[in-house]
Amino acid sequence: MKSFTIQTTRKIEVIDITQEVQSRVSDGKAVLIFAPHATAAITIGEFEPNIKQDYERFYSELCPKSDYAHNSIDDNAEAHLLSSFIKPSLVVPIENGELVLGTWQSILFVELDGPRSSRKIVIQTI
Amino acid sequence: MKSFTIQTTRKIEVIDITQEVQSRVSDGKAVLIFAPHATAAITIGEFEPNIKQDYERFYSELCPKSDYAHNSIDDNAEAHLLSSFIKPSLVVPIENGELVLGTWQSILFVELDGPRSSRKIVIQTI
Amino acid sequence: MKSFTIQTTRKIEVIDITQEVQSRVSDGKAVLIFAPHATAAITIGEFEPNIKQDYERFYSELCPKSDYAHNSIDDNAEAHLLSSFIKPSLVVPIENGELVLGTWQSILFVELDGPRSSRKIVIQTI
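Heads up: the sequence lines are chains A, B and C, in that order. FYI, in our numbering the residues of the first sequence are 1 to 126. FYI, in our numbering the residues of the second sequence are 1 to 126. FYI, in our numbering the residues of the third sequence are 1 to 126.
Possibly wrong hints are sitting among the right ones.
For identical chains, the list gives no copy identity; a pair is met inside one copy or between any two copies.
[Unchecked claim] Restricting the straight-line Cα-Cα distance to at most 30 Å, the calculated cross-link-like pairs of lysine-lysine (DSS-like) are:
#	residue 1	residue 2
1	LYS2	LYS65
2	LYS11	LYS29
3	LYS65	LYS52
4	LYS120	LYS11
5	LYS29	LYS2
6	LYS29	LYS65
7	LYS65	LYS11
8	LYS120	LYS65
9	LYS29	LYS120
By construction, these hints were calculated from the structure, which means they are not laboratory data. Everything numeric in this text was worked out from a predicted model, so none of it was measured.
The shape of chain A in the complex, shown without the other chains:
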């Protein structure tokens, strides 16, 4: 099992971690990318400046700030709710030690309750 950490700079922020993942993949059949956090997620998709801001807008609008019960103890219920939907776990195939990705696919870390100085991502080749 390998891991690395990243820093985030905004409340909701999508960050391309494809290179960090690829450099930690061993030869195997697939790789599990997992974030041990309850207010973040891992997904896969196109990544360019326009769509980056669209992801952040879509996630914010899908679960706008509301009077959730959890907000009375820690003001981040929306981050937990979105994390439970997108989920912090993704499995991608490997061939010849390389991630099998489509032309427009990048592996994405989704910050939902930032900014945070250290978010951990675990890489497990299986």
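Starting from the structure of chain A, add chains B and C where the hints point.
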């Protein structure tokens, strides 16, 4: 492959199954937690009484009761739609025979069409 | 690693690929079903004509056409946003060379930006 069953008590209900999963994990690289049901899901996130009710509210509101075509044959389209989004499959890393989980992460069974007397959860170490 | 391609015929379309997946599964512990596309997804659920049209309605309504920034360069932001949520990766357990599926579960390819003449699905037994 191992499995266990749980009982659910409400239409939409989030249940912490972390201990049931951990006790069935073998030594390996990761564990697949899978529900062989089309109206339930498996996710991961914080679990305390407030956020539990927030999950249930968020899922209900994201797909409110409507005139879906499936409801003319079986009145649970909304459960199928949410299940297809959250999905009944989750992979979590293992190290030294233990689930690798963040401080605030619990493995969660999501009932979307309860109550049900017996929901099966399959545990496959990979 | 095995793969196959399918054709899609509508903008948003859910297609049952259970048989195509089952026929390519080797003996193992689980199978990863992965689409190397940024505007499609893989999920699992019931499949009959009514629910098929409900999935397509629900996905369209959850992310309606809007003035997303990506649409100024390629008019398919909504497809990317939904794909990042449902995700093009699914892991299902295997027992005795057979997919472990519930009675009402089918493996589903979700086209989000069709029609397309060739969508690839990768099958990796792990």
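Structure-based check of all given hints:
1. Taking the shortest Cα distances, LYS2 and LYS65 never come within 30 Å of each other, neither inside one copy (35 Å) nor across copies (40 Å).
2. In this homomeric assembly, LYS11 and LYS29 never come within 30 Å of each other (Cα to Cα): the closest approach is 35 Å inside a single copy and 32 Å across copies.
3. Taking the closest pair of Cα atoms, LYS65 and LYS52 come within 30 Å of each other both inside a single copy (21 Å) and across two copies (17 Å).
4. Only within a single protomer do LYS120 and LYS11 lie at most 30 Å apart by alpha-carbon distance; the minimum there is 17 Å, versus 35 Å between protomers.
5. Proximity of LYS29 to LYS2 under the C-alpha cut-off of 30 Å is found in both arrangements, the shortest distances being 16 Å within a copy and 12 Å between copies.
6. Taking CA atoms no more than 30 Å apart as the test, LYS29 paired with LYS65 passes in neither setting, with 41 Å inside one copy and 38 Å between copies.
7. Both within a single protomer and between protomers do LYS65 and LYS11 lie at most 30 Å apart by alpha-carbon distance, with minima of 12 Å and 25 Å respectively.
8. In the homo-oligomer, the alpha carbons of LYS120 and LYS65 lie at most 30 Å apart inside one protomer (26 Å), although the nearest pairing across protomers, at 34 Å, exceeds that limit.
9. For the identical chains of this complex, LYS29 and LYS120 are neighbours both inside a copy (23 Å) and across copies (18 Å), given an alpha-carbon limit of 30 Å.
Hints 1, 2 and 6 from the list above are not met by this structure, while the remaining hints are.
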